[in-house]
Amino acid sequence: MSFLLACPICGPRDVYEFRFGGEILRRPQPDADEQDWVAYRYLRANPAGQGREWWFHRLGCRRWFQAERDTTDNRVIDTWFAGEDGHV
Amino acid sequence: MPDERLRAGLAERIDRSQRIQFTFDGRDIEGHPGDTIGSALAANGVSTLSRSFKYHRPRGLLCAAGRCPNCLVNVDGTPSVRACVEPALDGMAVTSQNAWPSLRFDLVSLSDRFDRFLPIGFYYKVFHRPRFMWPFFEHILRRIAGLGVLDATAHPERVERTRHLHADVAIVGGGPAGCLAALEAAAGGARVILVDDAPELGGHLRLTSAAVRGDPRLDGLDGIAAAARLRELLAETAGVTVLSEATAFGIYEGGLLAAAQGTIVHRIRARRIVLATGAAERPALFDRNDLPGIMLGSGVLRLARLFGVRAGRRAIVLTDGPWGWRSAVDLLDAGVPVTALLDAREDPSVGMDDSLHARLVDAGVEILVDAVAVSGRGRGRISGLRVRTSFGERTLPTDLVAMCLRPEPVTALAGQAGAQRRWDAALGVMVPDAPPDGVLFAGHVEGADDLATVLASGVLAGRLAVREAGVEGAPDPAPALAALESARASAGEAVAAMPVGKGPGGRKQVVCVCEDVTVKELTLGVYEGFDDLETMKRYSTTTMGPCQGKMCHSLAAGVQAELTGRTRAEVGMTTSRPPYHPVSLAALAGPHLDPVRYTAMHDRHAALDPTWIDMGDWKRPLHYGSVADECRAVRERVGLIDVSTLGKLEVRGADAGEYLDWLHPNRFSDLKVGRVRYRAMTDEAGVVLDDGTVARFEADRFFVSTGTGTLDAVDQWMRWWLAGTGRDVVITNTTNELAAMNLAGPRAREVLERITDADVSKAAMPYLAAAEVRVAGVPATILRIGFVGELGYEIHVPADYGAHVWDALMEAGRDLGIAPFGVEAQRVLRLEKQHLIVSQDTDALSGPIESGLGWLVKADKPDFVGRAAIAHAESTGARANLIGFEAPGRPVPHEGAGIVREGKLIGRVTSAKWSPFLEKTIGMAWMSIGPFETGTPIVIRHDGRTVVATLQAKPFYDPEGVRLRA
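Line order of the protein sequences matches chains R and Z. Numbering of the first sequence is given in the working numbering, commencing with residue 1 and proceeding in unit increments. Numbering of the second sequence is given in the working numbering, commencing with residue 89 and proceeding in unit increments.
These aren't lab readings, by the way, just hints derived from the structure by calculation. Some hints here could point you the wrong way.
To be verified - Straight-line alpha carbon distances no greater than 20 Å define the calculated SDA-like cross-link-like pairs of lysine to any residue that follow: (1) Z:707 with Z:611; (2) Z:949 with R:30; (3) Z:949 with R:31; (4) Z:949 with R:63; (5) Z:949 with Z:743; (6) Z:946 with R:43; (7) Z:596 with Z:611; (8) Z:707 with Z:795; (9) Z:707 with Z:691; (10) Z:949 with R:4; (11) Z:992 with Z:1030; (12) Z:949 with Z:962; (13) Z:946 with R:53; (14) Z:949 with Z:702; (15) Z:608 with Z:465; (16) Z:949 with R:32; (17) Z:1042 with Z:963; (18) Z:707 with Z:672; (19) Z:760 with Z:742; (20) Z:992 with Z:962; (21) Z:949 with Z:806; (22) Z:992 with Z:1018; (23) Z:608 with Z:579; (24) Z:946 with R:48.
This is chain R alone, in the form it adopts within the complex (with noise of 0.2 Å):
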């Protein structure tokens, strides 16, 4: 692994600098169904191709951002702040 990301603060860095944190997921309301808790938890797209993820800047400012990268390729398309829906 050696692609850059853009952090959105501190610009293009190498990927070590930065912590993976998974596919942006939509959390189920308290009271969904079970199975949604379960896919929630445990169940990924692990798309080949582009995905949306968090990443945090480990080694830098320390802010949590998300990106749209290609995992065939590790092409970063984009990285922007999460807005107010970051986590719903």
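Dock chain Z against chain R, hints included.
Same frame as chain R, now just chain Z:
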């Protein structure tokens, strides 16, 4: 001892006025400063440097450029050093490797005579039957396999380093195209890094006396002078960083260019990469083509030009085009006697410069046309070459064969970068197709062999690179493109290489010198069905040795094409992967960095010479001499422990309380100012991640403590759940700015009262009170909590005052019998209270309910992280229970020991200690099957014995918590 030094030449790098001396297998070797080990050995007439991998055949210098495996030697204990590029230093002890018992007489080389027992893929076929014999053979094979021996006990003093370099343009290859690209890119304003594997720039120009034309800076000079001119120009140019003797071994995703330079690995980030990796000769195929004395022509020239060494006295040149005639003239110019030239073509006049022919005829070189080598003669070194021409076969006496076949583009890095390779029928070589994004090609790598074209393509690549890199003011590359097109147009017709094919016959036509794979073995492999180059590679291990195909790739592909009746275009090339060149694992790993963190009171501990324990990066005192005495001090008097390693986070903001509620099963929004509460954090699966405390000092300011090792994870976790929520919360990690200590024991209050004006009485500061006061004259945060189960105060002060407050407490408690205590005593004391340690007593499946923390969960909270999972766990019942046990005597079971009942594993020990205060074994365990009542006997497996214990659900010490609340 023979002396093979030539008269001094213009390009040579040795200092003949001084001498150095080293040993090779115990024999004294003299050389000059500037020599490599290989050149000094050649100057002394040493022609066998190593034994080959499988058949232990004698091998000598082949490429003399650090590309082949033939000269791997052990230097002062370091195995597999390439003698031909390693500088010879005075006093070195060089030994041959892979030879047993000696280089001259190698018993394993008998395997060469019995090669029918070591066929292709032999490790799948022989030695396996009868089956009981395999361990015996395996033992022998393991002894003789591999290259060199690593001395595992040696601790070399060298230091590996990783360097991160940034540039607008990185150029790989310091030949004419690479140098011109660097000059042009720098002139255009770029910051340039030029990576070259040779000790000095100039590439193949350093070896030739051919006249240079095609660039005004070099026109009229010969190759050697042109190389010197390029070095001068680059030295005068600002903005070019040259990495010499550095091998670019990989282009990784994201355009990361990696280069190894001795013990340094450079990680180079550039906006554009120019690959000017040039072209390299390949060996010829004929029987016994690996005898010492058979070399690549460029290797012979390198020895002659750079080191003034004559590799032989009657050289034969093998070639398939005008390039070999040029090399023959260069050999003569350098003083190497050439007796014959074999051109494999029927009509050598194609593309020929007649002056070369005249020159060779004048020098008395016998010229044989339509002539190929059949086999090498001689033992230990070539003494004759059997050749075949249209007139028949004959043997020419010789001691040196210079193989000058068409240099082939070095496309490995281009392939790694993503370029396709295609067969260029006009040239008879594989060339890279269109360069991938961010990469440009320059020079021979594209296939061109006309020097004017090479120079023009270097200029154009430099101009394009600086422009594509986005450097402001970079000049228009259009004129350079026009110049390249003009150079191409005026270059003569290209001469194609003769197709690679197997020689006329013989058992020892070595294709792969690294792995000792012959034409015969590849033939057998094709019969066995391995008709694809990639599968043949894996089956035969051709191209998989130390040279990574540099010598053998096109030979293997050519033979494969011939054997399967396909074209080279159909056979293709195998995938190029990093590393292109051997790199030591130590260099890849980089420097050994082992950071150590010390608490503010470290010197106070060190003065007592404690036994230390590493906890993460931290050094902590495990104990100061007697764990039992330390436990007794805390239980009977007062103890002091350094807990600075706990994580500390300040959480503030209008939404801080609500946010902490969200992150925990219990509640903090209702925590009163001046109070502290236990916290345990769960993830969405309801698993306990971490525990600690939360204290509130203002409506919108909380002080959160975490475990020692979990701080970073908790910090990230808390920030993640905050991201994008718009909550008014700010998290600040204050761990490093605070020192912390825990004052605990029945006399703790008395000690504290002596050094603070604050009211720390039971009424003013009861159990679970929190206060910001002054202690010993400095600001302090005090939490009345008791991990060890006594009246206790956790005191946090600015780190700079840590030692001061420690001293003040120790002094104030001296007459009360205060004693420092370490981590081990703390572990015993907390276990006496059955206070769990997250991730020791819990694991990746432990929820709060089964961990005995069910009282934390506030089911009336509308939602929090982990609520759904905890609710589910509550409804299905606990999977297992964490419960205490005790035994009257020893042994103390291992942590992790199994608990068995009727032959079934029903639990395991998570913590177990001998309690010196209670004088019994105590512990905690996960039990998956009940009954869980106090007094239930359990059987623990310990070192093959059984230990009988009884369950104890309540704390072993002060179960009502009276002392805690004192």
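Checked hints:
A threshold of 20 Å between alpha carbons decides the hint, and for residue 707 (chain Z) with residue 611 (chain Z) the separation of about 63 Å lies outside it, so the pair is violated. The suggested pairing of residue 949 (chain Z) with residue 30 (chain R) holds, with an alpha-carbon distance near 11 Å, which does not exceed 20 Å. Pair hint residue 949 (chain Z) plus residue 31 (chain R) holds up; C-alpha atoms about 13 Å apart against a cutoff of 20 Å. Between residue 949 (chain Z) and residue 63 (chain R), the direct Cα distance comes to roughly 29 Å. Violation of the 20 Å bound is thereby established for this hinted pair.
Restraint check for residue 949 (chain Z) and residue 743 (chain Z): the C-alpha separation of about 16 Å stays at or below 20 Å, so the hint holds. Of the supplied pair hints, the one linking residue 946 (chain Z) and residue 43 (chain R) is violated, its CA atoms being roughly 28 Å apart against a limit of 20 Å. With a C-alpha separation of about 13 Å, the suggested pair residue 596 (chain Z) and residue 611 (chain Z) falls inside the 20 Å cut-off, and the hint holds. Pair hint residue 707 (chain Z) plus residue 795 (chain Z) holds up; C-alpha atoms about 15 Å apart against a cutoff of 20 Å.
The suggested pairing of residue 707 (chain Z) with residue 691 (chain Z) holds, with an alpha-carbon distance near 11 Å, which does not exceed 20 Å. Between residue 949 (chain Z) and residue 4 (chain R), the direct Cα distance comes to roughly 42 Å. Violation of the 20 Å bound is thereby established for this hinted pair. The suggested pairing of residue 992 (chain Z) with residue 1030 (chain Z) holds, with an alpha-carbon distance near 15 Å, which does not exceed 20 Å. Distance check on the hinted pair: residue 949 (chain Z) and residue 962 (chain Z) sit about 15 Å apart at the alpha-carbon level, within 20 Å; holds.
Distance hint between residue 946 (chain Z) and residue 53 (chain R) is unfulfilled; the C-alpha atoms sit about 32 Å from each other, more than 20 Å. At most 20 Å may separate the alpha-carbon atoms for a hinted pair to count; residue 949 (chain Z) and residue 702 (chain Z) exceed this at roughly 40 Å. A C-alpha spacing of about 19 Å is found between residue 608 (chain Z) and residue 465 (chain Z), which places the hinted pair at or below 20 Å, so the restraint holds. Taking the CA atoms of residue 949 (chain Z) and residue 32 (chain R), the gap is about 16 Å. The hint holds against a cut of 20 Å.
The straight-line distance between the Cα atoms of residue 1042 (chain Z) and residue 963 (chain Z) is roughly 25 Å, outside the 20 Å bound, and the hint therefore fails. Simply put, residue 707 (chain Z) and residue 672 (chain Z) have alpha-carbon atoms about 32 Å apart, too far for the 20 Å limit, and the pair is violated. Only pairs whose Cα atoms come within 20 Å are accepted, and residue 760 (chain Z) paired with residue 742 (chain Z) is accepted, the gap being roughly 15 Å. Simply put, residue 992 (chain Z) and residue 962 (chain Z) have alpha-carbon atoms about 26 Å apart, too far for the 20 Å limit, and the pair is violated.
Our distance criterion of 20 Å between C-alpha atoms is met by residue 949 (chain Z) and residue 806 (chain Z), whose separation comes to about 19 Å. Note on residue 992 (chain Z) and residue 1018 (chain Z): the hinted pairing holds, with a Cα-Cα distance of about 13 Å set against a maximum of 20 Å. Taken as a hint, the residue 608 (chain Z) and residue 579 (chain Z) pair is broken in the structure, with Cα atoms around 40 Å apart against an allowance of 20 Å. The straight-line distance between the Cα atoms of residue 946 (chain Z) and residue 48 (chain R) is roughly 41 Å, outside the 20 Å bound, and the hint therefore fails.
Hint compliance for this structure: hints 1, 4, 6, 10, 13, 14, 17, 18, 20, 23 and 24 are not met, and every other hint is.
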